[in-house]
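Student: Protein chains in written order, with the working numbering: chain A, 1 to 246; chain B, 1 to 220; chain C, 1 to 227.
Since the hints were made in silico from the structure, they are not lab data.
Heads up, a few of these hints could be off.
Here chain B is said to cover these stretches of chain C; the calculated rule only asks that three of the stretch's residues, wherever they fall, bring their Cβ under 8 Å from a Cβ of chain B [to be verified]:
no. : segment
1   : 16 to 27
2   : 85 to 96
3   : 160 to 173
4   : 192 to 204
Yeah, the Cβ is synthetic: ideal placement off N, Cα and C, and Gly gets one too.
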Amino acid sequence: MNRPIVDARGLHKHFGSLHVLKGVDLTVAERELVFVIGPSGSGKSTLLRCLNRLEEPSSGSVVVDGIDMLDPRTDINHARQRIGMVFQSFNLYPHMTALGNVTLALRKVAGKSRAQAEALGRAALERVGLADRAGHTPGQLSGGQQQRVAIARSIALEPRVMLFDEPTSALDPELVGSVLEVMRSLRESGMTMIVVSHEMGFARNAADRVVFMDEGAIVEAGPPAAIFESPAHERTRTFIGQIQRH
Amino acid sequence: MIQSFFNPEIIVASWPIVRAGLLNTVLLSLLVVPLGLVGGLMLALLASVKHPVVRWPLMAWVDFFRAFPPLVLLILLFAGLPFAGLELGGFVCVAIAFFLNTGAYYGEILRAGIDSVPAGQIEAARSTGLSRLQAIAYVVLPQAVRNVLPDLLSNTLEVVKLTSLGSVVAVPELLYQARQAQSLTYNPTPLVVAAIVYFLMLWPVVRLLSRLENRALAGR
Amino acid sequence: MRGDWARFTDTFLNAKVMHKYLPDILSGVVVTIELAFLIVVTGIAAGLALALLRSLAIRPLNWLIVVIVDLFRSLPPLVVIVLIYFGLPSVGLSPSGFVSTWLSLAFVLMAFSEEIFWAGITSVDRGQWEAARSTGLSFGQTLMSVVLPQAFRLTIPPLTNRTIAITKGTALGTVVAVTEILGQASSAMSNSYNPSPLIMGAAAYLVLFFPVVVAARWVETKFAWKR
């Protein structure tokens, strides 16, 4: 295994009296694609959001690409540029064009000139197959296109890791494929990815490792074939059975 | 009737006085609207820190000025402060009173606008490395302003109308000048002229607003 | 330090002066309440009446209503007050300062509330009218038991805010010698050469209006529409 690029240890997260993460350890190697599955409320999204500190872990440690994310001396804004995140609800900025969405952080955080940022932005849109939609606003795009713009917004910053938080859950079924296609090509280019999703087919043929979470803890992890065909735990079996009957 | 309210000779004679007042009303508005907006923006940004230690005093501040008649505030500054040895003059008093009073109103509107922007917008911006302030400036505020544009415009209309309070503390704006002309000519025609000037100046804004408001309501 | 504080209270919170002018301020409070009550009742009633008239859709009448509403939304309330008080005597009518202020602010509130009621009425879906009429309800019955109840809910937050803003305008009456709070406080201040009465007046306004503002905030959240 290559050196870990994401190294999270002993993560706990409380929301008031709710104990959402109960000591989660997760290491991800460079170029690895890790799929996180589990019932809703199992803490998958919270885990993801702790990795780029959108959510403040109650205790534990998170090191990404050698940077201690929880150290108060860490420039969190700089660190976050290395960690792309794609949201279930896209969260595109509705008052900007696709290109504007992609170039905002390039200009304001990475300090690129407008021309440089636009060149990089167009290249990123090209990679998700939307070069011709640069001037469209989110309202003029389909859900699948919006999500691809959101992916472009992240990859334009050349992140070391990409986090996907249920990227296809808000999409109509016929639009899911185009987003998965972009994720597959990212994977082929060697991007390290952590994906929370219910797209089991994609997990089966693209993931290096599948992690099953339940009630705030990791129940088991392993290669997709092992998890899907012969899970070691009853809870995993039940969950996979429910998903596949679906 | 015509002799009292639309006396042509008096219109002609008083026009230079009224015109000077109109100019001052425009200048005063150009001063107090940005002043109120800046005050409001400061309050709204403070309010976006959703901590009870900030939130409650802020709400009390805003409600205080919503409860306090602006004229009372103005008189307090203009006639009260000199007793503490601070004589600010009518113009400065108007500026301060407007900063406080209209700032509270603008603040409340902008706060509602910021609240109307989904939390995912800030999260997306922060995930790409924008700081909290950058996320608010580039992502949240533009959407917030657009969402509450009718309310902002409506408040601005009220602010411009409110500049007429300047007449009470001898700021030579439109109403003050018209009253001067009225007392010089012993005829209410200048007041009617001033009213017509206000109407012509603000009517387009009122029309636009009632369109925007109807559209906003119909869209719910 | 102690001397400064004593001088400050002596100037702005002078007990003797306050005691002497308290009755004046209280009588001002009564006048302010009377004025506010009259403005709210007549202004909102007139606004509602205009909105209902407008729903009859008689074209020339609607034009007239829109012009009147726009006029009073465009003019600063103080201008209307001054115009009525100083202007009408030229045609032989001499309304008192109290009546001038009442009429002016009632007109202004009428204009704003008409606009708000009308927006509420038009926001009720066309299908509601059709459904009600299809069950045999008359125009008036539909308006009263189907449309207005829905419209009211929508109008309450903007209406309370606007009503507070306009009612605070009773302080403008002081310009035309109404003996409301600010008027009483100002004359007490010039009689006593001391600003304490003004502070009392300011406090009186807060006592009157602060609870209303807080209540309005509560109403606003209670009636807020889930979007």
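Student: Could you run down the list of hints and mark each one as holding or not?
Tutor: Against the structure, the hints come out as follows:
1. 16 to 27: Our answer is that it is violated, as 0 residues pass the Cβ test (under 8 Å) against chain B, missing three.
2. 85 to 96: This one holds; 4 residues, not fewer than the three required, reach chain B with a Cβ under 8 Å.
3. 160 to 173: holds (count 7)
4. 192 to 204: holds (count 6)
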